[in-house]
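Chemist: Residues per chain are reported as follows:
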Amino acid sequence: MTGDTVMKKIKLALPMVPNAEIEATKAATAIAESMRMSPDRIDEVASAVVEACINALEHSQSTEDVSVTFEVLGDQDPEKLRVTVRDNGVGFSPEEVEVRPQGDDPGGRGWGLKIIRGLMDEVEILSGPGGTTLVMSKMR
Amino acid sequence: MKGGDALMTESLNVTVDRREGLAVVYTEGYINNQGGEEIAKVAYKLIDEGYKVLLLNLGGTKIVNSIGISILIEIIEKMIEIEGKLGFCCLTHTIEKTFHIMGLAQYAPIFPDEPTAVAQLRS
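Chains as they are written, first to last, in my numbering: chain A, 1 to 140; chain B, 1 to 123.
Because the hints were derived from the structure by calculation, they are not lab data. Hints may be right or wrong, so weigh each one.
Here are the computed distance ranges between Cβ atoms for each label pair [stated by the list, open to error]:
id, chain 1, residue 1, chain 2, residue 2, range
1, A, Thr63, B, Glu20, 49 to 57 Å
2, B, Glu114, A, Ser38, 23 to 31 Å
3, B, Pro109, A, Gln76, 42 to 50 Å
4, A, Ser93, B, Asp17, 45 to 53 Å
5, A, Ile10, B, Glu81, 31 to 39 Å
6, B, Ser123, A, Ser34, 40 to 48 Å
7, A, Val6, B, Ser123, 51 to 59 Å
8, A, Pro39, B, Ala119, 22 to 30 Å
9, A, Pro15, B, Asn13, 20 to 28 Å
10, A, Glu122, B, Glu20, 49 to 57 Å
11, B, Glu37, A, Asp40, 23 to 31 Å
12, B, Lys41, A, Glu95, 33 to 41 Å
From the three backbone atoms N, C-alpha and C, an ideal C-beta is built for every residue, glycine too.
Let the hints inform the model, and build the full structure from the sequences given.
Modeler: Shown next, in the form of structure tokens:
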């Protein structure tokens, strides 16, 4: 049974500048290392964070910062890393984007979501006219 | 040994080792859109020089993004067009997994190490 107690919480604000996702990736790596996650799982989290941030930075059409929150969950020991990426952009339909055939717009948002789903244990996307919130988790 | 930060820098260094009938392209750093374009520029120059067999050694890269991969797919398409061969080697577990998710592995072989890749691509 996974504990849901938030043991540690770190929030970043990413400016809308090229390669801002790198800072989020460095933070994700450091936090996952502090949880003693395996190197392969740390890399998977780092790559998923890159894709989630790129989706927000490239596709949200917002000028406001992207918010990235890292939460270490557990009871006595860290058990799960939850990452929430939020933008205040135009939103999108995850259902439409994710069923896009492969080969159609390979640099588009759908690929990022496919990669995130392939690398993380749990993924939830809430999107609407006020922005998008992507919540993804990885067990230690 | 490369540190994590060295593999997560914003820039990408690309170097080439031209060999008999094959060129090995080495990357170090983050493969994003600019990094992908840099690799493509090098690959297309090699093609113009007459190389039809290319190996991309990504041993110095820890992070790629989907935009960078989409540019690698364009290079693969170009190699298919000229009836050449392109392979990858020395990928991290996560990059290999990502290549499979994006379907890239269907069109370009992935090898665990450079000697194996060179032998297979030359055969």
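Chemist: Among all the numbered hints in the text so far, which are the ones the structure does not match?
Modeler: 5
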